[in-house]
Amino acid sequence: MADLISSLTQMELTGENFQNMFQDNLKQIDELLNSSKGKNIVAFAGLTGSGKSTLINYLCRKELKVDEDDNIVLKNPSDENAMQIGITSVSETFLPKFCKYRDVLLYDLPGFCDSRGMLVNLFNSAIIKNIIENADTAVIVLVISEDEIIAGRGKLFKELISRLETLIPNVVLQKRSALVITKSSPGKNVEALVRKLNQKSDGDAVMMWHSIGCLAKMQKAHEQKIEETDREQIIEAIFNVPQKPISLVDICVTYDYSLLSSFKKICKKEIQKVFQNYLLKILDVKLINSLPISVLADKINQLKKSVDECQFECSTLIVLLKTISQNILESALVKMRDKMRVQVDNLILLCFIEIEQQKKKSESSSLIKIIREISVTAVIREISVTAAAFSLSFLFKKIFRF
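Position 188 of the sequence shown, counted from 1, bears residue number 192 in this note's numbering, the numbering being contiguous throughout.
One should not assume that every hint holds.
[To be verified] Simulated restraints on C-beta separations:
| id | residue 1 | residue 2 | range |
| --- | --- | --- | --- |
| 1 | V176 | L284 | 48 to 56 angstroms |
| 2 | L353 | E313 | 19 to 27 angstroms |
| 3 | S82 | E236 | 46 to 54 angstroms |
| 4 | S82 | K104 | 18 to 26 angstroms |
| 5 | G217 | S265 | 47 to 55 angstroms |
In short, the hints are calculated from the structure, not lab data. These numbers were taken from a predicted model, which means no experiment stands behind them. From the three backbone atoms N, C-alpha and C, an ideal C-beta is built for every residue, glycine too.
Using the sequences and the accompanying hints, generate a full structural model.
So, in structure tokens, the structure goes:
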């Protein structure tokens, strides 16, 4: 995992690297895209190392333990249904992950202010946009540790809020999210924690969430024990947030507009690939000689509608590119339609040629049959005449003998 993260950090954001990363993570990306469609979701966002994965495992009652350094970790690290927990500044969450809690999907979003480069951030942003915009309702949970709020008198916390407000511009974040303070001081209730944070940071950083009942805490392990009473308060704070859709996630800040031309090239190649496969399902040119005229006529009708009826968004790559910018798919399709129509016209022409050849063969066969029938009739007549002549000759011989 460390080697993968190291290599990703060093990768530039180019069209080629984007496509390579897509191919390397196709299965996971395919599972994520549209996974939230028609669902109610809770998306956990925070800085790398803030404890998002631990919090989700805690809420879902995964088996946890306290290690020798007082970190809360999974009892069974190989549990595929749990969120993998990192205890360093390097995010374990390369792409978003999700699990089900009651009738809601909980999404563990990759850490903000991650140092793995623009390429990784772009991938994550595109998938986050797809997840949040497709959901029936979406609640954002800001996850930040007590120390992170205090550090720089709330500087990191303000940066996190600013980033989320840029990402989700059309909502008032404080009214559409819950705040969970992780790794909080043992023995302090929420009110005592809020007082401490207001003293240690500039302004009433957390008061808005506290005033509307959308603030909770998950205290750090103490004396090798995990506090169980925080769980219900966290769940209550999350579900106090109005469950409404979020219609816009703006990811323009995650990439340079100069890269759009590279993305369009990738999109064109993928459109061509999808269309070729679609045409192949309609007509395999290798089999054209074996198809009867009625089938070929049906194929021609299907081909005429193929450019309009091809479902390009069956491609995970196209869905991802469209998420980055709707304009990518639209402009690529405009430029590709003429080429696609030429391909279709060529296939239709092949079908017509085959139909004409089959008609000619059919006409030739009919002519040969007629000729054969005429020949047979002529032979029969000749035989009949010969037989008749022979019969008359025989009859005359009989008469003259008498």
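Next item on the list: Enumerate the violated hints, using their earlier numbering and listing them in ascending order.
Entry: Of the numbered hints given earlier, the structure breaks just one, which is hint 3.
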